[in-house]
Amino acid sequence: MLRAAEARDRATCVELFSSEEVGTYTGGARPRAELEAAMPEVPGQRPGFFVVTVADGMIGAVTLDRREDGATELGYLFLPRAWGRGYATEACAAALGWCALARPGDPVVVTIRTANTRSMRLAARLGFTEVKRFHEWGAEQWRGQRTPGAAAD
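For the sequence shown, the numbering used here begins at 1 and goes up steadily by one.
Bear in mind the hints are in silico, worked out from the structure with no lab data behind them. All values reported here derive from a predicted model rather than from experimental measurement. From the three backbone atoms N, C-alpha and C, an ideal C-beta is built for every residue, glycine too. Check before you lean on any hint, since a few could be wrong.
Derived CB-CB ranges, DEER-like [stated by the list, open to error]:
| no. | residue 1 | residue 2 | range |
| --- | --- | --- | --- |
| 1 | 118 | 97 | 30 to 36 Å |
| 2 | 105 | 33 | 41 to 47 Å |
| 3 | 57 | 30 | 19 to 25 Å |
| 4 | 104 | 38 | 33 to 39 Å |
| 5 | 89 | 24 | 32 to 38 Å |
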């Protein structure tokens, strides 16, 4: 279900990041032409970037990026056709398992627009607890932190 990005994922990555539906809770979609021009042949070539796949191809991406404060930030985007099917829970849990091995002891945080109730429930299932709320990107945001070793349902 999780793997490193390949050249064949580029078109789906462009679709994912330019989707108005996907961009609803992420600060907005990026213009397709801008993405086509800027995205490398193989997107996301870095540790902690995972493509999420099912039998018929790529459906999303999960990222675990180091922040300036030393924490790792979990991020995830899925195509609308994959929403509500449990893929995000499974993929994020697998990525967090990778993180526990690759970055043992690192705190993991997630930032979610509070209006995204599905994502808030996912964070709770994954073991994140609220650290703070703040206003950024034109909306209220929720920051959660996961204790190293916390288990997902």
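Here's how the hints hold up against the structure:
no.: 1; hint: 118 / 97: 30 to 36 Å; verdict: violated, 22 Å
no.: 2; hint: 105 / 33: 41 to 47 Å; verdict: holds, 42 Å
no.: 3; hint: 57 / 30: 19 to 25 Å; verdict: holds, 21 Å
no.: 4; hint: 104 / 38: 33 to 39 Å; verdict: holds, 34 Å
no.: 5; hint: 89 / 24: 32 to 38 Å; verdict: violated, 20 Å
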